[in-house]
Amino acid sequence: MLRIQCPYCGLRDESEFTFGGQAHIVRPPPECSDIEWAQYLYVRENSKGRQEERWCHTFGCARWFNVTRDTQTHIIQPVSGADEPSSVPDTRAGEYCA
Amino acid sequence: MQKYSFWSLLRRSLSAHRGWKPAFTDASLKPHYEVVIIGGGGHGLATAYYLAKRYGARSVAVLERAWIGSGNSGRNTQVTRSNYFYPESCAFYDHSLKLYESLGRELNFNVMLSQRGVLGLAHSEHELEMVRRWANAIVMNGIDAVMLTREEIRRRVPIINLDTHYPIVGGFIQERGGISRHDAVVWSYARGASALGVDIVQNCEVHDFLRSGDRITGVETSQGRVRAEHVVLSVAGHSSVLAARAGLALPITTMALQAMVTEPVKPVLDTVVVSPTIHAYVSQSDRGEIVMGAGADGYTSYAQRGGIPQLRATIAAVVELFPCFSRLRLMRQWAGAVDITPDTSPIMGLTPLTGLYINCGFGTGGYKAIPAGGETMAYTIANGKPHPLIKPFSLERFARGALIDEGAAAGVAH
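Protein chains in written order, with the numbering used here: chain A, 2 to 99; chain B, -19 to 394.
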């Protein structure tokens, strides 16, 4: 059971939250290529280790916020509000992608 | 290779089963191969077997970071079925089921396939309509599926509780679906491949790729450098990690999928029962354990252990369906790192890098696809073009928007 610190409500059980995938994804401009659009829609950071994620306190305050979590140990670093900037670079972009 | 038969068993039993040789050779790594397959699970071993058997490949290695079958191949709930929705998936998975039906003879190894039927339940009239649509799609794709009424379900599974919180109103069954023994599938492909000269190298972890421009020319492993003309990525939950080493970003999220077994009891359940609504996935193994599959934890995880909320939800659902299981003790619980794609369909075939092939994205349903996955990947490597059955599952389908959205179509994670 993960225990997640909601920045608004405090420490709560995992079952109150919904995982929202990678944080800080930027929507590409309308004139982007199909590959860039597919990357925006489908390709997500899938690190074995630390990654920045969005979580929603669905069964609580229903607000979104960002969490830095280790995907192997599930250790959660301090959380931040959804509008705060990222502290780590987006490493998704490979030379080739879907 | 020693041939297994009733007579060989009888003969060995007279000498107290001494003199059995290992089923496959634990090979040591050579500096060069024609084909290197990363991942010694079912898919990797089957790919090696069919490459050697059908296409006469004589220089093939399977590199496994731990021991063969230590990953998802030994962590699944052993269910084989082909009750998918879309024609592309039905064609691929039914081909796999057909290969399973003759696998014991093909490999001279009893994989204990038991086609005991896979029963899907509907808990409301609306869901029954969707189940009927699903069953009709399966029949239209040339696969067997039969709708069952409440009474027929009661006769088929006498111990089931039909009056759950959301009462069961009907369902459908694929009689050809069933279970087999997952370890036997891994061992039989390893034995078959090894006998045809494939090197199965265990405790050999791949760290990086060797590249020359847009061409993959080999791999860097914990046991040294290996050059190869063709490299196949067949590592399920770790696909993103390895693909990133080659500069390839995959639309995959790795999650923990857990399963559990109770203490063994006498035969009480002779079919596989699936309820998508309350998420129960139950069967009884030949050893007598009640095998239960849970849903994936809803977040990225490489932990290979499942979370408590999913464990509780699964047990609650199973006990509601089968109240007589409530006093059984849970014996083991475990999880595997599964590779979930946005449309819950696999990613198979060529990649933008020459010499690199990919077989991943099976998510929660890779076990049933082992024979077809291996056979079609072997074809793809031998012919330099994707097998017709896996063409729709290419990596570039995401940029084309040609998704095969099985998760949405059938309403259950595949």
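A hint or two may mislead.
[Stated by the list, open to error] The calculated DMTMM-like cross-link candidates involving lysine to aspartate or glutamate, where the alpha carbons are at most 20 Å apart (straight line), are:
{"hint": "1", "chain 1": "A", "residue 1": "K49", "chain 2": "B", "residue 2": "E185"}
{"hint": "2", "chain 1": "B", "residue 1": "K(-17)", "chain 2": "B", "residue 2": "D163"}
{"hint": "3", "chain 1": "B", "residue 1": "K(-17)", "chain 2": "B", "residue 2": "E86"}
{"hint": "4", "chain 1": "B", "residue 1": "K10", "chain 2": "B", "residue 2": "E185"}
{"hint": "5", "chain 1": "A", "residue 1": "K49", "chain 2": "B", "residue 2": "E86"}
{"hint": "6", "chain 1": "B", "residue 1": "K365", "chain 2": "B", "residue 2": "D163"}
[What the hints assert, rightly or not] Below, a sample of chain B positions facing chain A; criterion: calculated Cβ distance under 10 Å:
{"hint": "7", "residue": "V149"}
{"hint": "8", "residue": "V221"}
{"hint": "9", "residue": "I232"}
{"hint": "10", "residue": "G287"}
{"hint": "11", "residue": "D319"}
{"hint": "12", "residue": "T321"}
In short, the hints are calculated from the structure, not lab data.
By construction, the Cβ of each residue, glycine as well, lies at the ideal position given by its N, Cα and C atoms.
Exercise. Which earlier hints can't be squared with this structure?
Worked result: Hints 5, 6, 7 are the ones this structure does not satisfy, whereas the remaining hints hold.
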